[in-house]
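Using the sequences plus the hints, can you model the full thing?
Number of protein chains: 2
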Amino acid sequence: MPVRKFMESAIEKARKGLKKNNSPFGACIVKNNKVIAVAHNTVLEERDATNHAEINAIRKACKRLRNHELKGCTIYSTTEPCPMCFSAIHWAKISQIVFGTRIRDVRKLGFNELPISASVMKLKGRSPVKITPDFMRKECVELLESWKKKKGKTY
Amino acid sequence: MPVRKFMESAIEKARKGLKKNNSPFGACIVKNNKVIAVAHNTVLEERDATNHAEINAIRKACKRLRNHELKGCTIYSTTEPCPMCFSAIHWAKISQIVFGTRIRDVRKLGFNELPISASVMKLKGRSPVKITPDFMRKECVELLESWKKKKGKTY
Chain A
1 MPVRKFMESA IEKARKGLKK NNSPFGACIV KNNKVIAVAH NTVLEERDAT NHAEINAIRK
61 ACKRLRNHEL KGCTIYSTTE PCPMCFSAIH WAKISQIVFG TRIRDVRKLG FNELPISASV
121 MKLKGRSPVK ITPDFMRKEC VELLESWKKK KGKTY
Chain B
1 MPVRKFMESA IEKARKGLKK NNSPFGACIV KNNKVIAVAH NTVLEERDAT NHAEINAIRK
61 ACKRLRNHEL KGCTIYSTTE PCPMCFSAIH WAKISQIVFG TRIRDVRKLG FNELPISASV
121 MKLKGRSPVK ITPDFMRKEC VELLESWKKK KGKTY
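First to last, the sequence lines map onto chains A and B. With my numbering, letter number 56 in the first sequence gets 56, and the count goes up by one each step, no holes. With my numbering, letter number 21 in the second sequence gets 21, and the count goes up by one each step, no holes.
All clues given are correct.
With a straight-line Cα cutoff of 25 Å, these simulated DSS-like cross-link-like pairs (lysine-lysine) come out:
1. B/124 <-> A/122
2. A/122 <-> B/122
3. B/153 <-> A/71
4. A/20 <-> B/93
5. A/122 <-> A/31
6. B/71 <-> A/153
7. B/63 <-> A/20
8. B/93 <-> A/148
9. B/60 <-> A/20
10. A/108 <-> B/93
11. B/63 <-> A/16
12. A/149 <-> A/20
13. A/151 <-> A/138
14. A/63 <-> B/20
15. B/16 <-> B/148
16. B/124 <-> A/93
Pairwise CB distance ranges, derived in the manner of DEER restraints:
17. A/112 <-> B/63: 16 to 22 Å
18. A/152 <-> B/150: 51 to 57 Å
19. B/33 <-> A/1: 54 to 60 Å
No lab work stands behind these hints: they were computed from the structure. Backbone N, C-alpha and C define an ideal beta-carbon position, used for all residues, glycine too.
So this is what it looks like as structure tokens:
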């Protein structure tokens, strides 16, 4: 069962990123009920197209566990992982994805998302990862709303 | 039109990686006929699931151009980009992908690939990136064959 405090960590981290004008996305990787890594999107801050919250969190977790495989881990994402992040999660052999808002929600905000859902990626890619959508959706929508209200934002 | 010397760079880099027991993949990013970044896969060497050749090359290129967008660039990949790398290429707004061997070739070697081709990702994701497959396929098959012959290899 997904645990609220881990999604809250991801949201809190995303809000920290927002203050530095990053995009409104956070992720938290958990193993055996312990947080292994938390990260927010840093594409703009670090000028790197690959620095989505999930990729940043996976990189931190690999470093921390000294392993390119993160078996038995769950990743909490404030928004459904995009196909890049879904595939990184697959490569890292993370067991479960729990997410709040959906790709279609952030596409509506103007993000240049490939419109391929995690469930389609799982199906087409025959990935064993478990997916739990819409967890704490309300709080994750609020996060996107906070970003929407900001002035002078970029993508 | 794809240029042989850029794929040769990617292959040469992959062969350097092979010597350090990395997986047999290389990528080269080019803009205005100049090499911006070349990288090989470092998943095993750096114990990071996200360190595919294309991701490494994109990260280097973003750093070099000080931009999270790589418009007007072409990426040469010794093997067709996996969905993670395809999506990273989309996010970075790279204009063209040129690749040698196919995902199905490396799945046969035992790599845990999501079996979703770049052309399916482009179609489903409605991505504008151009795709040129099977470029210098023979040389890229030889690269995979070199890897296959190695003893004690891991994934």
